[in-house]
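Participant: Residue strings, one per chain:
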Amino acid sequence: MIATLAVPILPLPDPNTMNISCRLQNPSHAHIFGTDEYGRDLLARVLVGTRTSLAISLGATILAAFSGTVLGVVSALARSYIDTLLMRSVDLLLTFPPIIVATIVVGLFGGSVVNLVLVLGILQMPAFARLAYGATKVVQGMPFLEAAQAIAVPKMRLLQRYILPNILSPLLVQFSITVGTAMLLESGLSFLGIGVKPPTASLGQIIGRARGYMAMTPSYIIFPSLLLSCLIFSCNLLGDALRDYVDPKLLRAKK
Amino acid sequence: MSGAVYYMTTYLIRRAFVTMGVLYLIATLAFFFPRLLPGDPVLLLLGEAGSTASEEAIIALRQKLGLDKPIAKQYATWLIDIVHGNFGESLFGYGQIQKLLFSRLPNSLELILFSLALACLLAIPSGILAAYFRRSKIDLAVNLLSTVGIAVPVYVLAVILILIFALKLRYFPAGGYIALGSNPIEHFKYLLLPVFTLALNQWALFARMTRSSVLEVLHEGYIQTARAKGLAESKVVMQHALRNALIPIVTLIGLQIGRLLGATVLVESIFNWPGISSLLLESATRRDYPIIQALLVVIGALVCLINCVVDITYGLLDPRIRYD
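Protein chains in written order, with my numbering: chain X, 1 to 255; chain U, 1001 to 1324.
Worth flagging that the hints you see were computed from the coordinates, not collected in a lab.
Please note: incorrect hints may appear among the correct ones.
Think about it this way: if two alpha-carbon atoms lie no more than 20 Å apart in a straight line, the pair counts; the simulated SDA-like pairs of lysine to any residue are [claimed, not checked]:
#1 Lys1168(U) <-> Arg211(X)
#2 Lys1235(U) <-> Gly1176(U)
#3 Lys1168(U) <-> Tyr213(X)
With the hints as extra help, turn the sequences into a complete structure.
Facilitator: Following this line, the structure appears as structure tokens:
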């Protein structure tokens, strides 16, 4: 991850420079990861691709977390019919497997970075909405909130100081897991060839293209696959660690 | 009528109504979906030819698609057609959608059911073993493998399997399809790699869930009681622990069937397996709206049906769960 952030200052060959004379090379001293079918340096391509994948999944997750939390909190605090309407529509959205919806939408509208962020963000939103809804409902029943309401704390302040801090920890866990899920979805779409379009590189897209050459140059497909798996793995690990950290029930079970 | 049967019947009737409501909503969604897209659908359908097409061609297409009628009438026709299983025709000459679905749907279901069965067969025993011999080498191995299994994307797994079993060892073909009727042995040869890919992916989740769920149950008082009664250890684990641990596992399996439908998009396209997911991908890139609409309805209905089955299984597993 650190390496990805440092891409602009690393002394790497230009990821888009094509060099037909050294196509599909295996790893060597000049090209640590080898080269792709146009003789581009794979390490540089992979790092740039990781940036794209990270940017899309982070963007989508931020969008999902923000809109989902707002939706969840609002419907928990709102009158019952708005509550029902909002949560039922969320349920309807959950009926379809996310990648199916993403395939349709991205397939029809094309896979620009903005489109991907929007689609993935909206698809991940229900998880946040449900979580925020449930957590807010729990907080609503707490005595301290009643006390705050009794001394007439203004509504905005109630939300800021009393509700949000108390529902934050499960949302944080969800955030880190969602980044992994979004990355998985994005790479899946790019792998199928309906995600980001070349020359923009993304991990899934590199893996998808490498598929055609895997018999000749296995390293071309192995390196990006490994990196992608590690990235998703670290997101999951972070989520698990955060969950252990914030979940008192688990702590008790450990003792 | 005994109490349990009475509860079950009233529950089933109510559930059927709710499911029909959801299905109706999905059908409505599918109807309005292409109409919400910007632009005239007819021009969209004509694609590049749209700008040069003659006025008569546009009107003819509009009439053919029934788009010249009032929207309420279109909607009614759409609903009646669906109930009759009539989804119209492909825009790009791939024939009647109904026939397409009939030829593709069984392939996808075959893939999903086989991989689900394989995943359960592998995951439940390994999860039980890992929980029973906690902190042993078996536990460590199951934990490690399942953590890796969750992180590796299904298509990477597919590629690795192809690389090893199809390209290096040449045991199985790298992709394709042969009808069961024409050559059953070859059919299963083609089926094996995609099924394994999906199953390994699912195995990781199921094994983890089984492990943690059995682990939780093993500390319960009734397990101690069962042991105190002098029951054989295998009976304690299989009948007393597993049965109580199954509820979260069944929930997960139910949820995963929906996910599996999604994962088939990738697996079917990698292995050139002619199922509904690859059909979806093809139609989405081709902008074949009627097929997409039909698939939305079919997939939505499938997911609803699965949810129903899962909910009913709860009651069979745990008689304490009342349907009310």
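Participant: All hints are to be evaluated individually against the structure, with a verdict given for each.
Facilitator: Hints and how they fare:
Taken as a hint, the Lys1168(U) and Arg211(X) pair is honoured in the structure, with Cα atoms around 15 Å apart against an allowance of 20 Å. Restraint check for Lys1235(U) and Gly1176(U): the C-alpha separation of about 45 Å exceeds 20 Å, so the hint is violated. Of the supplied pair hints, the one linking Lys1168(U) and Tyr213(X) holds, its CA atoms being roughly 14 Å apart against a limit of 20 Å.
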